[in-house]
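Participant: Residue numbers (this note's numbering), protein chains in the order written: chain A, 1 to 111; chain B, 1 to 114.
Read the hints as simulated data drawn from the structure, not as lab findings. There could be a bad hint or two in this list.
[To be verified] Straight line, CA to CA, 25 angstroms or less: simulated SDA-like cross-link-like pairs of lysine to any residue:
hint	chain 1	residue 1	chain 2	residue 2
1	B	K11	A	G40
2	A	K68	A	A93
3	B	K78	A	K70
4	A	K56	B	P98
5	B	K11	A	W96
6	B	K11	A	E38
7	B	K62	A	W96
8	B	K11	A	I86
9	A	K68	B	T102
10	A	K67	B	K62
11	A	K70	B	G42
12	B	K11	A	Q44
13	B	K78	A	G40
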Amino acid sequence: GEDVEQSLFLSVREGDSSVINCTYTDSSSTYLYWYKQEPGAGLQLLTYIFSNMDMKQDQRLTVLLNKKDKHLSLRIADTQTGDSAIYFCAEQADSWGKLQFGAGTQVVVTP
Amino acid sequence: DARVTQTPRHKVTEMGQEVTMRCQPILGHNTVFWYRQTMMQGLELLAYFRNRAPLDDSGMPKDRFSAEMPDATLATLKIQPSEPRDSAVYFCASGSGPLGETQYFGPGTRLLVL
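Taking the hints into account, I'd like the entire structure generated from these sequences.
Facilitator: Written as structure tokens, this is what we have:
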């Protein structure tokens with residue numbers, strides 16, 4: 001996962017916005033993804049963005065993509081306790097659908 | 001609603017025993033991935049298939065691991081013989097999109113090898 005880097009931990013207060021950042025290396029990646037993993041569960045696809053887009057919004061989630069800096073971020077508005085989880089950033093790694101995942105960011109939401 | 005299923009959900013076995021994990025991909029998905037997740041190594045890709053043919057299994061220890069897709073509705077991952085260092089959560093994911101790049105994960109098989 002060294003090609004995709006994320007900070008390991010984020011603490012946020014309930015009701016605030018969370019911003020999770022990710023940097024990737026492959027400028028030819030067509031898609032970039034955010035997955036959520038709750039304790040004891042599999043990875044849940046949250047959202048993805050096509051590389052020719054700068055922004056994608058889906059309800060409380062906003063994805064921003066800066067291709068020049070190879071930087072991807074996920075903003076969660078009005079963060080809730082149910083948003084506590086590990087969030088993984090991933091980039092498309094080959095033409096067959098292989099993904100390169102980051103190490104994950106543990107998000108803890110405090111009351 | 002369509003989802004990836006995996007069996008068993010939990011497995012405890014003794015070192016040296018064979019372990020078989022099964023995955024049913026989402027109907028219509030033609031790309032299947034096997035991952036292993038541990039605290040130390042994070043998420044590792046073991047192998048993946050497209051249209052039932054193996055594309056890449058370089059992430060898998062070849063001497064003890066094998067992955068197959070007997071048909072489009074079943075993928076298997078076998079470990080023989082199992083070792084304590086194989087203890088991990090094993091995830092299967094199936095892919096949609098032109099390249100199978102949008103992956104949907106199963107709930108995982110939690111394996112403990114004693």
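Participant: Each hint: holds or not?
Facilitator: Do the hints match the structure? See the list:
| no. | hint | result |
| --- | --- | --- |
| 1 | K11(B) - G40(A) | 14 angstroms, holds |
| 2 | K68(A) - A93(A) | 18 angstroms, holds |
| 3 | K78(B) - K70(A) | 38 angstroms, violated |
| 4 | K56(A) - P98(B) | 21 angstroms, holds |
| 5 | K11(B) - W96(A) | 31 angstroms, violated |
| 6 | K11(B) - E38(A) | 20 angstroms, holds |
| 7 | K62(B) - W96(A) | 21 angstroms, holds |
| 8 | K11(B) - I86(A) | 24 angstroms, holds |
| 9 | K68(A) - T102(B) | 23 angstroms, holds |
| 10 | K67(A) - K62(B) | 37 angstroms, violated |
| 11 | K70(A) - G42(B) | 22 angstroms, holds |
| 12 | K11(B) - Q44(A) | 22 angstroms, holds |
| 13 | K78(B) - G40(A) | 22 angstroms, holds |
In terms of the numbered hints stated before, the structure departs from hints 3, 5, 10, listed from lowest to highest.
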